[in-house]
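Asker: Chain by chain, the residues:
2 protein chains.
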Amino acid sequence: MKTVHTIQDVRNQVRQWRQESLTVGLVPTMGNLHAGHMSLVKTAKQHSDKVVVSVFVNPTQFGPNEDFDTYPRTLEQDADLLTQHDADLLFAPSVAEMYPQETFTWVDVEHLGDRLCGAKRPGHFRGVTTVVSKLLHIAMPDHAYFGEKDYQQLAVLRRMVEDQLFATAVIGVPTERDASGLALSSRNGYLSEADKEQALTIYRTLTQARQAIEAGERDYAELCQQSTERLEQAGLTVDYFEIVDANTLAPAQKNTAALRILTAAFLGTTRLIDNVGTIFVDI
Amino acid sequence: MKTVHTIQDVRNQVRQWRQESLTVGLVPTMGNLHAGHMSLVKTAKQHSDKVVVSVFVNPTQFGPNEDFDTYPRTLEQDADLLTQHDADLLFAPSVAEMYPQETFTWVDVEHLGDRLCGAKRPGHFRGVTTVVSKLLHIAMPDHAYFGEKDYQQLAVLRRMVEDQLFATAVIGVPTERDASGLALSSRNGYLSEADKEQALTIYRTLTQARQAIEAGERDYAELCQQSTERLEQAGLTVDYFEIVDANTLAPAQKNTAALRILTAAFLGTTRLIDNVGTIFVDI
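Protein chains in written order, with this note's numbering: chain U, 11 to 293; chain G, 11 to 293.
You may find that some hints are simply not true.
For chains that are exact copies, the list does not tell them apart, and a pair is met inside one copy or across any two.
As the list claims (entries may be wrong) - Straight-line alpha carbon distances no greater than 25 Å define the calculated SDA-like cross-link-like pairs of lysine to any residue that follow:
no.	residue 1	residue 2
1	Lys52	Val248
2	Lys52	Thr288
3	Lys130	Trp116
These are calculated hints, taken from the structure and not from any lab test.
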């Protein structure tokens, strides 16, 4: 695996692959890679002839009081892990390479990014869409892979790619979990073992809600209320617990056919997100 | 010259050219082509092996009270003119092809689009940048050509392409004028011969202002005031007359090294724009 730090190096490599008629997949990450990311890389290796992984902690998607400065940066281990998983190119640009001047240009997806995580992190999705659009312009991949763990992000990026007519297909990859069910996340590194035990309630509560719906429960507001209480009783501070339309992310109605259950909760200062579904209900 | 109406047809043609190692230039237009557009095509033919011209009256850049419905659509004549000028591909999509669903995604360039024409046409530049970004995703050209006639648009698009790291170079092409000096524009079709005589005052006033600066005038505010009065005396309703930094479009200061003079004025209900420069002054 080659590691490059400049846009030009990525373009040169991709151009060469194109001349050999090879397809290209892109896995955008913020680094501090774990088995969740490797699941994206494995999927990418199956679909695409060559796989580019970007590692870039993007400043424009962090709020002023968020963890941009302390976000874990572990490029050497990331490169080792990617080598083991047969990634073909690691693109690890500096902030100056990605933002050579203050950006005046923003790519913004209305509606889908306003609620849920977007409501508590103003500007977050605008930062994500702006930087992912740039990464697509750099690598011009056939496929781009994103985890379902960040389900709202996936929905926002799908819409961006559709609306903007990118020649790239967005592929969502199911959430990777540890043996206990906890969704893998770089932010789990902020948790003690006791915290992780507590955090497990998130997945258990999501699963219970899913099972209730599968058993016929249709009072979604009540189900969200009960689930929120359960999480709060376990010592979590719930940001939101919502049952939404899997495509539009609007609150589920009686006639919503495809459901996704999403939650965000704080454990101390660490904000954890998770989701389950998609559940198809007869309407 | 081939005429196509679908994104897929453009992609197929461009892919074939790429395989032959040919470079591609894109000239985005709204059609109703005249010698001004042909100047873009001629320049494109000089720089790029193959030239794609798009003809698309983009609804998202028109305000609710603007001339979207009545904007002249003359595809047959456009195709003839482009054939005469050796364009290689005419892309004339429908609105449904370019906007298969309501767009949630907007590409927005802050600051540069807020003043001048942007102040009076809210959302206009956002519509332009959103659609040009889409056209770049479709054609993936090496070069994209825009007229200096729409100078603010050119500056906004330059910034978009820089900020978003498109693999496309933006080329500005000098304004084409008729023998009398009137800048060519599709909207000139709304003017009678008497109107055109009156409209000539625009270029004359811009030229006079340029000559004054070249002769040493540095009181830009006073110069703009005099120029505005001259236009109003000729029966035009001035929207703005400004001397700005040619790069940032901010009002020129004593220490601004590169100046552009821009104006927009109404003749009846027809809004005409023009600009001259760039003037480099010793500071």
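Asker: Could you run down the list of hints and mark each one as holding or not?
Answerer: Comparing the hints with the structure gives:
In this assembly of identical chains, Lys52 and Val248 lie within 25 Å of each other by CA distance neither inside one copy nor across copies; the values are 33 Å within and 62 Å between. Taking the closest pair of Cα atoms, Lys52 and Thr288 come within 25 Å of each other only inside a single copy of the chain (22 Å); across copies the shortest separation is 53 Å, beyond that limit. Taking the shortest Cα distances, Lys130 and Trp116 sit within 25 Å of each other both inside one copy (19 Å) and across copies (21 Å).
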